[in-house]
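J.: So the chains spell out like this:
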Amino acid sequence: MIREFHRPVTLRDALELKARLGGGARYLAGGTELNAISARAAEFTAIALDGLGLGAVAEGADGVDGLRLGPTLTLQELIDAPAVPPALREAAAHVANRNIRNGATLGGNLAARRACAALVPVLLALEADLLLCDATGERRLPLADFRRERPDALITAILLPAAARARRVGLRRFARTANGPTLLSVAVSCLGAPDARVQSPIVAVAGVAADSLRLTGVERRLQGHALPVRAVLEGWVREAVAPAADPFASAELKRHLAAVLVADCLARAAQRED
Amino acid sequence: MLIAFTLNGAPRRISAEPGECVLDLLRREGITSVRNGCDGEGACGACAILLDGKPVNSCLLVAAQLEGRTVTTVDALARARALSPVQSALIDAGIVQCGYCTPAMVLALESLLGRTPDPSRAAIRDALSGTFCRCTGYEQVYGAVELARRRRLDPAAAVEDIPEFKNGTRVIGKAARKVDGPKLARGEKAFVEDMVAPGTCVLVMLRSPHAHARIARIDASAARALPGVVYILTHENCPDIYYNQAGQGFPEPSPYDRKLLSAKVRHVGDRVAAVLAESREIAEAAIRLIAVEYEVLTPVLTADAAKAPGAPLIHNSRLEYVVGAPPGLAADNAHADPRDGRIIYQFPIHADPRRNLAASVSGGIGDVERGLAAADVVLEREYSTSQVQCTPVEPHVVYTRMDGDRLIIHASTQVPWHLRRIVARLLGGVSESRIRVIKERVGGGFGAKQDIVLEEVAAYLTWITGRPVFQRFTREEEFIASRTRHVMKIRVRLGAKRDGTLTAVHLDLTANTGPYGSHCLTVPMNACSKALPLFLCDNMGFRVETYYSNIPPTGAYQGYGAPQGSFALQTAVAELAEQLGMDPLALLEKNRVREGAMLEILRCLGEGREGVAQRVSSCGLGPCLERGAAALRWGVREESGDPDVAIGKGVAIIQQGSGLPGLDSANAEIKMLGDGTFVLLAGGADLGTGLDTVAAKMAAETLCTDLEAIAVLSADTDVTPFDKGAYASSGTYFSGAAALNAATAMKARILAVAGEMLGEAPEGLALVHPATVQGKGGSVTYAAIANRTQGGTGCGQLAATGHFTTDKASIPYGAHFCSVAVNRRTGEVKVLKYHALQDCGTPINPELALGQIYGGVLKTIGHSLYEEMVLDGKGRCLNPTLRDYQVPMIHEVPEVFRAELVATDDPFGPFGAKSVSEISCNGAAPAIANAIHDAVGVWLREWPFTPERILRALGTLA
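Protein sequence lines correspond, in order, to chains A and B.
If you're matching positions, the first sequence starts at 1 in my numbering and goes up one per residue.
If you're matching positions, the second sequence starts at 1 in my numbering and goes up one per residue.
This is chain A alone, in the form it adopts within the complex (with noise of 0.2 Å):
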């Protein structure tokens, strides 16, 4: 529950506010996380993020060599945003109902504690490293040490590297409905043509432990070769996830679609022409 809310206007004053209130004040961007039923008990002051400016999507800015997308785009603005590549506009669809999409933000999406966010996977396959501001000032920061460390800054840019635009990506979110929770959600990315063989391969899979983590051990074996065939592969997934059952899915079945799934989304990735 929002006890204090603020609106700085400038990147400094939103810095500046949050080392001042600590741990009891949040940035706040889209609401769709902080303010859902599941977040009201906590009580915390609300730093809004929506007078920053922060909301633009870049090329080449700032000496940044690639893409720089602001943390406060709305998923739906990805979406419709055609300098974003396929793979990242096709995740963010992966959240099926447009009202959430018009609030929640690529930032948001990033920094909230879900297990199965929808766009974790595909940055991680996209190789995307974080501009993170607190007052001891700016850090760049891969994806995946941001998901581990969960520093206290504020994500200020998205940058996906121009070596990411050439990466082809195979996406698949597996749930029983649209707008249902989340069971698995792969993402796997590649160099190279077509059919050759796979070069610099991520595999990224949400659902099989606490966040999405890479199968690098998968990752090593496929670098270098030919495709391999899908049941081999999928052995090599099955050995490289442990999952753990709950309420609603065996461990087994998420070992097995997570297999399943990446085997699909590399087929995908070496076919796909962004």
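Calculated directly from the structure, the hints in this document are not laboratory data.
A few chain B positions that, by computed beta-carbon distances, are all more than 12 Å from chain A:
| no. | residue |
| --- | --- |
| 1 | Asn8 |
| 2 | Arg370 |
| 3 | Ser431 |
| 4 | Arg493 |
| 5 | Asp538 |
| 6 | Leu580 |
| 7 | Arg592 |
| 8 | Arg594 |
| 9 | His769 |
These stretches of chain A come out as covered by chain B in the derived footprint (C-beta under 8 Å, 3 or more residues):
| no. | segment |
| --- | --- |
| 10 | 1-14 |
| 11 | 37-43 |
| 12 | 92-99 |
| 13 | 171-182 |
Every residue gets a Cβ at the ideal spot worked out from N, C-alpha and C, and that includes glycine.
Given the coordinates of chain A, work out where chain B should sit on it, guided by the hints.
T.: For chain B alone, kept in the frame of chain A given last:
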């Protein structure tokens, strides 16, 4: 803080806490068109607004976020009561049923058409992706958008593609604007929560965290001392009156096995204390101050566990019978535990609470065992259904207040008169003349609102405190303390000759009623009575046993047991076809019921009384099957183009009833107004289904006047005559017929007066449209008749009543066909095509009848594939939210979704009508199971057909 923003075009400065939910803020400011169906989860979209022109959920915004923004609600659209093209199109296409989500739909589509004047089907689907509609099944929205698109260019553009029925009628069987449609589309005050006066107290329930426990001690003294607390009701100060919450005709077949609050709690969410306070915050604070010590008992969660020897007893109560006490009752009661209270049976329902048996019944015709012995093939299979919830977008809600010495109940109910009767009992037997129930618009009922699950506590507290009371269930309460489908296990035995002729059919049904016996006899019986008579077989039987347990309460849900029975028997017949090497459609055709058949099995399937054999008065099953098979290209194998995905086809035949012959009764009254128009007082409770429009059409058609000349007031126990309530598919057949009979009586009165005025015998006169009596020598208008009768020398205002009862059962029939794509590797099932062909006699409101079908089908596609209440080992529901429970929304609508009305002319229904709604819920599960088998060769015998179950059936998972 002061928030400055633009609301519906006008600048506003509103004082609000920065964290106040915008949904609450807007309702506080009188914008009642924003509504709450998910408590701020963001899952239902009923609270949608346009924020700077884009649809968002206001429940996910806080007040401070509105600063400088522009907010538009549906209230801005209707100019001087004129509807926008989107609003009028939604009504005319039949997409406005209960109307609770309509304002949200309107905004989403206004936004869509603003950015895409000619949207694709995919764009429409995306626009409505955040709007949860449980009534309509969404399909007609595509036609509505096309109509709105045309009306934006030409406001006079007419609705197209709605079929017409019944030759020679003006309004019966023809499309007409739903009488409450404009009000609902404009988002005007219509629902209970819109009526609540300032200063009303709030009722919040402290609920049990345990599935089965005794309350060893409860201390509410600290809570009572809290300023602002008005009253706290616990088992210690509640009246010692037993009742059942089922809204059924009296004497009910459901046992009186509960009090308002009991010393024993029987499910997670059972009532422990009712706290009435001057605000929700105070009530919730008071609840935290109530100290409760529980003696936790072992929970019983399945019927198998309940009937196991030595199982903990849910109701080891003293048993009493109003009539028909069995011999040995006194000795039996010696085993009762006084702490468990009493159970009062109005008549025997063959219960035995000493072994958790809530009710039982068995019967049949012919000799099943002989039939099985004579068969070439015998098949025996067991089918299971899980617990699913009705999920009306508007949860249960009530507002009670005193008017002088009378208690007024504003209710969202299907059963105003049963509600009044039950409340009168609980108030210690006050006369019904002291109680008035006003049914407001109902934001979805689906059976859950056939039961009295909160009204009686609010009414009691208003009665004893004199204070107005408002209570509204949370979405979690809707799951754990409302009503759900009975969990059932159904063993089917079939015998058949090699040529497919059925020689025996037997259903052995075990149902789990949960903690109380609401509908414990009749729902499981209905699983048999709506499944068996679909087949002509000389040897049929059934056995039903219903057990108490500690799962959340079950009860009525659209279909009322028939979906479970249909799933079991129709799937078994499809399995039999496989055994026989026959096409399942051919097997259905060979054995199905036909017009003129005598249904002897119904003799054994009365609702708590002896039944009556019925002759099938009309049956459209033949054309339903024929047209459905052609539409789906039955017998033609289709390929997906993906080696992992197989396509299969399935079919099921279905039936329901049209009310309860011999049990139900409906009444209506009609009065002529001063200008020759009419007001129709109809007892029937319109849940959004269009019953008020049915009643108006009955009168308009009979009286040869325009639909606009009939004003309908319905379901107000002070104003309108008695009606049994909206359940058992009785609306059109019973309540519609009562309106027809009232209009027919009015017609006779009009003719009599006109005869006097024209100097002719009434028998030679005729009513002609518009509102005129034509004689041989002249004519007279209704306005002139009104002037004559209501003048100082007249006979008085013309008024007439109509009553309807019957012993005839007019049975609606249907055939549902579907094709599904099954992914062999992931277990995913997608319904590609769904064709629902139904014979509802004469469809009175064709567009609304189609909407009923679409809605019923989508609900049960949900039950078949997605929905399931998941309980843990302690009886706690783990997914009591719309999102986690996984209701189907527009993305789950089949790619090709077609409802078709196959008209018959029933000799008994009003203008040949039969029921249409509940039957729509009976086809999806068996048709989909049948199609999955056709696709990948495995039978799914437990719903929902989840990927995990499919992969296990395929052997992919161990």
